[in-house]
Amino acid sequence: MNTHQASFVRASMIEASPAPLLESGVAYWLRKNLFATPKDTALTIISLLVLAWLIPPAIQWLFIDAAWSGGGRGVCATVAQGGSQPDGWSGACWAFVNAKFSQFIFGRYPPDERWRPALVGVIFVLILVPMLIPKVPYKGLNAFLLLVVLPILAIILLPGGWLGLTYVETPLWGGLMVTLVLSFVGIAVSLPLGVLLALGRRSTMPVIKMLCTIFIEIVRGIPLITVLFMASVMLPLFLPQGVTFDKFLRALIGVSLFASAYMAEVVRGGLQAIPKGQYEGADSLGLGYWQKMNLIILPQALKLVIPGIVNTFIGLFKDTSLVSIIGMFDLLGIVRLNFSDTNWASAVTPVSGLIFAGFIFWLFCFGMSRYSGFMERVLDTSQQR
Amino acid sequence: MAIGATTTPEKEKPAGSFINDPQVRGIFYQAITVIILALLIYWIADNTIENLRRANIASGYGFVRGRAGFDVGQSLIAFTSDSTYGRALVVGFLNTLLVAIAGIITATIIGFIVGIGRLTHNWIIAKLSLAYVEVFRNIPPLLVIFFWYSGVLAVLPQAREALALPLNIFVSNRGVAFPKPVFGDGFQYTFYAFILAALASFLVSRYARRKQAETGQRMPVLWTVLGLVIGLPLVTFLATGAPLAFDVPVAGKFNLTGGSVVGPEFLSLFLALSFYTAAFIAEIVRAGIRGVSKGQSEAAHALGIRPRLTTRLVVVPQAMRIIIPPLTSQYLNLTKNSSLAIAIGYADLVAVGGTILNQTGQAIEVVSIWLIVYLSLSLATSLFMNWYNARMALVER
Chain A
1 MNTHQASFVR
11 ASMIEASPAP
21 LLESGVAYWL
31 RKNLFATPKD
41 TALTIISLLV
51 LAWLIPPAIQ
61 WLFIDAAWSG
71 GGRGVCATVA
81 QGGSQPDGWS
91 GACWAFVNAK
101 FSQFIFGRYP
111 PDERWRPALV
121 GVIFVLILVP
131 MLIPKVPYKG
141 LNAFLLLVVL
151 PILAIILLPG
161 GWLGLTYVET
171 PLWGGLMVTL
181 VLSFVGIAVS
191 LPLGVLLALG
201 RRSTMPVIKM
211 LCTIFIEIVR
221 GIPLITVLFM
231 ASVMLPLFLP
241 QGVTFDKFLR
251 ALIGVSLFAS
261 AYMAEVVRGG
271 LQAIPKGQYE
281 GADSLGLGYW
291 QKMNLIILPQ
301 ALKLVIPGIV
311 NTFIGLFKDT
321 SLVSIIGMFD
331 LLGIVRLNFS
341 DTNWASAVTP
351 VSGLIFAGFI
361 FWLFCFGMSR
371 YSGFMERVLD
381 TSQQR
Chain B
1 MAIGATTTPE
11 KEKPAGSFIN
21 DPQVRGIFYQ
31 AITVIILALL
41 IYWIADNTIE
51 NLRRANIASG
61 YGFVRGRAGF
71 DVGQSLIAFT
81 SDSTYGRALV
91 VGFLNTLLVA
101 IAGIITATII
111 GFIVGIGRLT
121 HNWIIAKLSL
131 AYVEVFRNIP
141 PLLVIFFWYS
151 GVLAVLPQAR
161 EALALPLNIF
171 VSNRGVAFPK
181 PVFGDGFQYT
191 FYAFILAALA
201 SFLVSRYARR
211 KQAETGQRMP
221 VLWTVLGLVI
231 GLPLVTFLAT
241 GAPLAFDVPV
251 AGKFNLTGGS
261 VVGPEFLSLF
271 LALSFYTAAF
281 IAEIVRAGIR
291 GVSKGQSEAA
301 HALGIRPRLT
311 TRLVVVPQAM
321 RIIIPPLTSQ
331 YLNLTKNSSL
341 AIAIGYADLV
351 AVGGTILNQT
361 GQAIEVVSIW
371 LIVYLSLSLA
381 TSLFMNWYNA
391 RMALVER
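Protein chains in written order, with this note's numbering: chain A, 1 to 385; chain B, 1 to 397.
Bound conformation, chain A alone (with noise of 0.2 angstroms):
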């Protein structure tokens, strides 16, 4: 009855054999990924060659021969330079950025007062890091202590004036405070006012929709540095006789009005995908325009842009060093106002404090890259049932 007692059928299954020793392991790997055609062995020696050319002299240039401490020019310049190096010397000058680090960051504050910005910093950092995990709770409160009253310890600290506070004109601000000051309102600024814009642009009355429209448009045609000159060559024209405004709020105006002009767009791009079916049913539950934007609309549409809103927030912190083509020392403006002390001009100098400009901005906009990445598959929640 039961045919499979036959004595020539195995009981049990034979153990699956090794895959060939040509389809796995490391040489697998290697000849699918690296010479899979003549074409791609060609392509591979080429690069590893590059490669092998490129990288060592970097590596030695950066990190071998760099000149990490000293107190002036003379350990970044060969003896023919009337420094202390040999002739034909070349590296790094990390002594420089090393001791100019403090103004990098501060810029021209005053050292006693370098505090204030800091800690600002620190507090900023401590309620940061928590917004940013989607896991920690009270999302409400710390979004109202990052947008309200983050802002208003930064406007009594940093400029000071009050308070027993010694005031510290915005001219003397600089550095990467600078840089982030601009872009943490630049973003708190454009994003609902691109949100306003992009509603406007869409909207049903012709005049605000006209009127968006041009603003959206002219501003996206023109290039930033233009908005900044008019920022600060119009802006006290416009003003009457006696009225001045700070330059670097003028900055701050301009930089956030140039971003929400680009903010709209996207936002723009989101509320298009909106299905109407989500407008006809948000009116058919009797809801006003802005219960229907603020609770059906606008959380599902921007979600949608995500990777387009931390696009601007890159661009727009990218953008920010600008500024220091209007005379104002973020960052970049501040390493390069370094590059003319005489004490530490030398021909390497200014690579170096580029290169470690260049390492903190990539530092900032690669982490917000990545951020929103991780924050799009949190949210990801409509695609994968």
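FYI, nobody ran anything at the bench for these hints, they're computed from the structure.
Given the structure is predicted, the values throughout are model-derived calculations rather than measurements.
Ideal Cβ placement from N, Cα and C applies to all residues, glycine included.
Straight-line distance between alpha carbons at most 25 angstroms, and here's what the computed DMTMM-like set of lysine to aspartate or glutamate pairs gives:
#, chain 1, residue 1, chain 2, residue 2
1, B, Lys-127, A, Asp-40
2, B, Lys-127, A, Glu-376
3, A, Lys-247, B, Glu-50
4, A, Lys-292, A, Glu-265
5, A, Lys-135, A, Glu-376
With beta-carbon atoms standing in for the labels, derived distance ranges:
#, chain 1, residue 1, chain 2, residue 2, range
6, A, Leu-62, B, Pro-181, 40 to 48 angstroms
7, B, Gln-23, A, Arg-108, 56 to 64 angstroms
8, B, Thr-84, A, Pro-171, 31 to 39 angstroms
9, B, Phe-28, A, Trp-115, 51 to 59 angstroms
10, A, Gln-278, B, Thr-120, 40 to 48 angstroms
11, A, Gly-269, B, Leu-222, 38 to 46 angstroms
12, A, Pro-275, B, Gln-23, 22 to 30 angstroms
13, B, Arg-391, A, Ile-218, 27 to 35 angstroms
14, B, Ile-372, A, Pro-236, 17 to 25 angstroms
15, A, Thr-41, B, Ser-376, 48 to 56 angstroms
16, B, Leu-222, A, Asn-294, 58 to 66 angstroms
Once you've looked at the hints, dock chain B against the given chain A.
Leaving out everything else, chain B in the frame of chain A:
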């Protein structure tokens, strides 16, 4: 009677609903906006007129006929400090166009190479391309410009110790000097021959396409066109006695003399814009190619079309459709970013305008010229790209 009965409910509205009518509210809000805006504009205009009167600045565009009194580093047309402000602005505009077009071409080439590199199966090429994109996308373009300008080009050897490259090209901290072609008498015939050849190639390829559509026979179009475009001008050039000489740069005691020199300002701006924008173009290209579904190339293979033709006739045309719109905005970004020239003193429109603004105080006029020029550049680019996009767009039946 019946008609009257059906229309009355629409006419007579319940009391109080007038204020809740969205249309009435809309008109009300818009009227308020217009009034506030008009008051604001009136206030600004009033202040401006008052301020201008105080500062003794005559408004209007008459200043463009004034003597400039400054020199520009690099100019495509003749310019001296005796030329007018208007001519200075034209010089700036041409310089903007020059760096933008050069940058767009280079950025497109690098961007396509890197973008395709990210998609290859070759692990090392893909990782290198990824590293390129992640580095350049996250660094401000202004910093890249300074990197080239004060980090690389400024520390090159002096002009008298210039690095000599093949073909009589010299690299020094004053820029790149290369042989300048000097066109002799009769060179125009070569130019005419080239135009003739281009026209002929156009006709040949049209004829070939029609013939293929009718009979299915393919002509060797590529070789014919290459032969025409290279051969015809070459023959004319030799027949007219090769009227072309080169003015070669010569290393003198202090400086290089002769040849054409491209200054370090142009070079650093051009290099920085190309490398920066290329990172964005690479991502666009990658997204475009990945946006073509795999079934398309599989279907082409199933039809027996060879891999290279599959890429050219099936994948690329569909990818271009995805690539073109964002590519346009990158081109516009590059053009707008070329205004960073002012930071290193390359005489582009914004830099020249800034100098004029400082000299004359004509802030409103200069800024309005900037606005008009950049807005029309944006408009022209998007019109051209829309036309191209319409040609490439999906033809649905």
